[in-house]
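Let the sequences and hints guide you as you build the complete structure.
Next come the chains, spelled out residue by residue.
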Amino acid sequence: MVMKKLDKRLIRTIGHSKGQFISLVVVVIVALIVYVSFSMIAEQMYNSIFQYYRETNFAHIFVDVSRIPGNSVDELLEIEGVDQVQGRIVFDVPLRVEDPNEKVNARIISDPGTEDQINSLFILEGEGPSPGTRTTAVLKQFFVGRDMKLGDTIRPYIGGTEYSLQVVGEVGSPEYIYLMENEQTLLPDEKGFGVIYVPEEFAQSAFGFQGSYNNIVVTVDEEHVNRMDIIADEIEDRLDRFGVRSVITRENHMSHSVMIQEVDSLEMMSTSITVMFLFVAAVIISIMLSRIVRKDRIAIGVLKGLGYDNRQILMHYVKYSLAIGLVGSILGVLLSVPVADMLSGVYIQYMNIPLFTGAFDIRYLFYGTLLTSVFCIASGVFGARSALKITPADAMRPETPKAGSRMWIEGFKALWQRLTFSWKMVLRNISRTKRRAFFLVLGIALTYAVTMLPVFMSTIWNTLFDRQYTQLQKMDYSIDFNIPVERNALLELQQLTDIEFIEPKVELPFELVEGWRKETINVIGVQRDTIMYGFRTASGRQIELPSKGIVLTDILARQLQVQAGDTIQINSVLPGKSDKTIQVKAVVEQYFGKNAYMDIEQMYDILEERDIATGALLMTDADVVPDLKDVKNIRGISSVQDMRDAIMEYMDLIIASMGTMMIFGGVIGFAIVYNITIVSISERMMEFSSLRVLGFDKKDIFRLVTRENAIMTVFGIILGVPLGYSICVGLVDYVSTDMYTIPAVIEPFVYVYSAAATLVFVFVAQLATYRKITNLNFIDALKNRIS
Amino acid sequence: MSENILLKAENLSKIYRMGEVTVAAVKNVDIEIVKGEFAVILGPSGSGKSTLLNILGGMDQPTEGNVTMNGESIVGFNDKKLTAYRRDKVGFVFQFYNLMGTLTARENVELATELCEDALDIDEVLETVGLGDRKDHFPSQMSGGEQQRVAIARAVAKNADLLLCDEPTGALDFETGIKILALLRDINKKYRKTVVIITHNVPIGDMGDRVIKMRSGEIIEIKENENPIDPERIVW
Chain H
0 MVMKKLDKRL IRTIGHSKGQ FISLVVVVIV ALIVYVSFSM IAEQMYNSIF QYYRETNFAH
60 IFVDVSRIPG NSVDELLEIE GVDQVQGRIV FDVPLRVEDP NEKVNARIIS DPGTEDQINS
120 LFILEGEGPS PGTRTTAVLK QFFVGRDMKL GDTIRPYIGG TEYSLQVVGE VGSPEYIYLM
180 ENEQTLLPDE KGFGVIYVPE EFAQSAFGFQ GSYNNIVVTV DEEHVNRMDI IADEIEDRLD
240 RFGVRSVITR ENHMSHSVMI QEVDSLEMMS TSITVMFLFV AAVIISIMLS RIVRKDRIAI
300 GVLKGLGYDN RQILMHYVKY SLAIGLVGSI LGVLLSVPVA DMLSGVYIQY MNIPLFTGAF
360 DIRYLFYGTL LTSVFCIASG VFGARSALKI TPADAMRPET PKAGSRMWIE GFKALWQRLT
420 FSWKMVLRNI SRTKRRAFFL VLGIALTYAV TMLPVFMSTI WNTLFDRQYT QLQKMDYSID
480 FNIPVERNAL LELQQLTDIE FIEPKVELPF ELVEGWRKET INVIGVQRDT IMYGFRTASG
540 RQIELPSKGI VLTDILARQL QVQAGDTIQI NSVLPGKSDK TIQVKAVVEQ YFGKNAYMDI
600 EQMYDILEER DIATGALLMT DADVVPDLKD VKNIRGISSV QDMRDAIMEY MDLIIASMGT
660 MMIFGGVIGF AIVYNITIVS ISERMMEFSS LRVLGFDKKD IFRLVTRENA IMTVFGIILG
720 VPLGYSICVG LVDYVSTDMY TIPAVIEPFV YVYSAAATLV FVFVAQLATY RKITNLNFID
780 ALKNRIS
Chain B
0 MSENILLKAE NLSKIYRMGE VTVAAVKNVD IEIVKGEFAV ILGPSGSGKS TLLNILGGMD
60 QPTEGNVTMN GESIVGFNDK KLTAYRRDKV GFVFQFYNLM GTLTARENVE LATELCEDAL
120 DIDEVLETVG LGDRKDHFPS QMSGGEQQRV AIARAVAKNA DLLLCDEPTG ALDFETGIKI
180 LALLRDINKK YRKTVVIITH NVPIGDMGDR VIKMRSGEII EIKENENPID PERIVW
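Going down the list, the sequences are from chains H and B.
Take the first sequence: its letter number 743 is residue 742 in numbering that gives the first Met the number 0, and every next letter is one higher.
Take the second sequence: its letter number 210 is residue 209 in numbering that gives the first Met the number 0, and every next letter is one higher.
Every clue listed holds true.
The list that follows gives simulated cross-link-like pairs (lysine-lysine, DSBU-like), each with its CA atoms no further than 35 Å apart: (1) K134/B - K294/H; (2) K547/H - K473/H; (3) K189/B - K7/H.
What the hints contain is simulated information worked out from the structure, not anything from laboratory work.
If you're wondering where the values come from, they're calculated on a predicted model, not measured in any experiment.
Take a look at the structure:
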């Protein structure tokens with residue numbers, strides 16, 4: 000088919016505005032890649048998570064108890080809606096490894112070895128632990144993290160005895176798609192913590208739990224799934240006498256909620272970044288097209304004179320934006336294949352969903368292309384619609400000059416008169432094209448905000464660590480015992496290792512109740528004059544523990560909807576203890592995990608036991624792990640330094656995603672500043688030509704345009720500060736979960752860095768327009784009526 | 000006689016309203032254009048001749064009066080019908096040629112013929128206007144006269160009955176202007192097209208079969224020219 004001449008004209012027009020075309024195509028490409036790869040992975044991840052759950056019969060409810068006999072577990076089947084129940088032994092124990100300085104903890108979970116079990120193991124290699132043997136199957140992350148092989152031996156240290164278990168399998172589990180030791184570690188440490196599955200009878204004998212369990216998993220009938228909370232409450236009531244430590248529904252399960260949040264944030268990113276980019280592209284396209292239409296006024300008149308109708312003419316211009324959409328879509332589609340592949344790779348590596356393959360889904364290419372095309376066509380029609388109003392006879396007449404008027408700034412005579420001629424021109428021009436100037440300011444503000452986000456994010460970890468581990472938790476180590484000890488026994492620790500300060504703690508689970516809201520959390524009792532904690536309220540005020548009453552962390556207070564001064568009920572989860580009421584004395588900030596704190600003396604009163612400790616808090620410069628490794632009663636040692644190190648392992652990933660966000664900011668900033676400047680230059684050809692005749696040189700003209708953009712940039716950055724601030728705070732709000740919050744503290748240098756980056760983007764775009772000015776043929780522009 | 004009339008305007012007025020002020024660009028004009036004739040509308044700038052031409056060509060609508068083409072009124076045509084009228088019945092030649100800068104000479108002509116069903120052979124028309132060897136040049140590579148030839152080829156190739164030329168020599172030097180006028184006369188003869196030229200250049204009137212003089216929006220004289228002279232003999 001022969002190409003229509005109008006289409007040929009279009010292609011040549013595009014050829015003459017390559018820079019603009021390419022910059023817009025890049026914006027569309029980014030939008031499409033983000034949309035295709037993020038939404039595709041989000042959907043696949045969501046589907047594969049639930050497919051995985053189905054295949055492994057993932058539990059709906061998880062219960063921790065002190066001890067429960069096997070037959071009492073089965074009684075839970077009487078509850079309406081409960082489908083299956085299964086008792087387990089779950090304990091965290093130290094693992095003996097070659098390097099005595101290395102601290103490795105393993106969670107031992109008993110495996111009943113039956114068919115049709117809850118949370119069945121997903122065998123990746125080898126087999127599950129066989130009953131009657133000392134074998135173990137190791138969770139994949141740990142298996143890989145510690146570089147294990149089938150046939151290796153691992154040595155858990157249980158109640159003072161070191162056992163040898165042969166590794167017979169590498170497995171996946173829906174319970175640990177995302178593996179964290181506890182809520183306070185935040186990030187996985189695949190070398191330092193893992194899960195191992197052992198035969199049930201081995202676990203029972205090693206932990207002294209013959210015929211009984213300390214953990215129950217429950218599945219709920221399909222039709223009762225929406226009654227989950229009620230069923231969980233009923234389970235809790237029934238198990239009261241067995242010392243319920245926690246009842247967690249799947250919704251609040253750590254791994255599950257992390258996964259769902261990941262899916263949600265992928266979807267949010269996919270939507271917000273795509274919409275932002277397409278919106279920016281759409282606004283630029285419509286500004287550019289409306290400029291082209293204005294410039295083509297006579298050509299449009301001629302076309303109409305020749306007998307072209309409105310539809311054909313409108314289509315001619317809309318095809319320009321459609322071309323941007325299509326070229327952007329095609330390249331975006333081609334590029335989104337490797338990007339999605341790379342991104343899936345990252346998720347396959349970090350997420351451990353064996354059924355997640357990251358296979359490419361062709362539907363998203365279709366959706367993406369449709370989305371970008373619709374945006375481009377709509378902006379094209381919007382921008383070119385004025386072509387419809389041009390009548391052929393009017394088009395032949397010269398355009399009437401724009402009505403000029405004085406600006407408000409001219410009212411300040413003293414100021415106005417001081418300005419040089421070229422500054423006056425700059426200001427007049429800005430006021431003449433207010434809408435476009437506004438968009439430019441908005442665009443620069445957006446660039447600033449998009450750039451600020453990664454700069455802010457890069458500071459989060461530092462702030463978080465500073466707040467959590469320097470200001471709140473000042474200890475270097477926190478030790479937990481298997482069995483509570485006498486306070487005096489802590490002195491023994493001091494003899495084993497070099498400790499600067501040591502304090503006892505009593506950390507026990509309690510159920511806090513306010514009305515119908517309740518949360519089971521660890522309440523930590525420490526000395527009133529503790530030097531291990533520095534409690535601060537949201538306003539930053541330091542407080543001391545009260546002698547009577549309880550202090551809640553902010554996440555917990557929010558969930559219970561209580562504030563300082565309220566009275567809540569505190570129920571011991573241990574059997575046979577009576578429930579009490581207690582006053583909330585203060586709400587303090589804590590970023591990871593939720594806890595409550597009280598004076599250890601008051602804890603003793605509640606427990607009706609004196610001078611015990613369930614753990615110890617240490618301040619020391621020494622590495623205490625090797626010194627304490629033979630202490631039977633130590634269940635776990637957590638070290639602040641280890642947590643810092645774990646985070647550092649993720650720094651690469653964080654830097655990569657930051658870099659990507661920066662590039663996004665740069666693309667937006669460049670596209671906006673470059674295109675708007677080009678439009679402005681082409682519109683003012685006559686004006687610039689006249690100035691050239693008057694004796695301005697190219698640099699003077701470039702300076703004129705630069706000054707205009709400089710003013711816009713200043714305003715853009717001023718507007719960008721609150722915009723960036725709200726985006727950062729919004730993000731912090733969005734990613735904060737039941738498990739952690741991120742302090743919305745934006746350091747002053749974040750604003751400065753973002754401004755510097757924005758200036759660089761604007762400067763580069765400005766430089767790119769310089770060629771346009773030097774290449775303008777001023778004499779031609781003056782000679783021809785048609786520019 | 001009446002079956003020979005291609006275009007007829009009756010009591011035609013065009014009034015522009017600008018706020019309080021009304022300006023009558025064309026006032027009570029009556030004219031007839033006969034099929035196959037070469038008509039010249041003469042008048043100083045501001046006399047309303049371009050407005051009249053625009054109305055006759057379906058580019059603008061009159062405030063009052065009627066225009067008929069082959070007996071059919073074009074006044075009150077909706078946008079679609081008016082577009083079809085411009086497409087099928089009229090060819091325009093403008094003072095500033097108004098070619099598409101990004102299309103070659105041939106492509107500029109094709110731009111017009113793509114719309115028409117029985118367009119003339121493009122190469123033949125380009126040959127006729129003397130651009131046989133320049134057809135792949137872009138407007139920026141051509142002189143003013145050559146550009147105007149492309150514009151004429153564009154109007155002619157559509158094979159419309161009526162050619163309306165708005166100051167076709169206005170932007171050209173004397174010699175080139177004469178050549179363009181001769182070309183228009185040849186087209187008038189060779190393709191039997193009705194040609195209407197508007198100009199402020201009085202001597203051009205001598206080459207017309209009919210000369211219509213305008214001033215201040217009104218027709219002041221219509222003269223049948225028994226012996227139109229050859230364009231080559233015109234001097235200004």
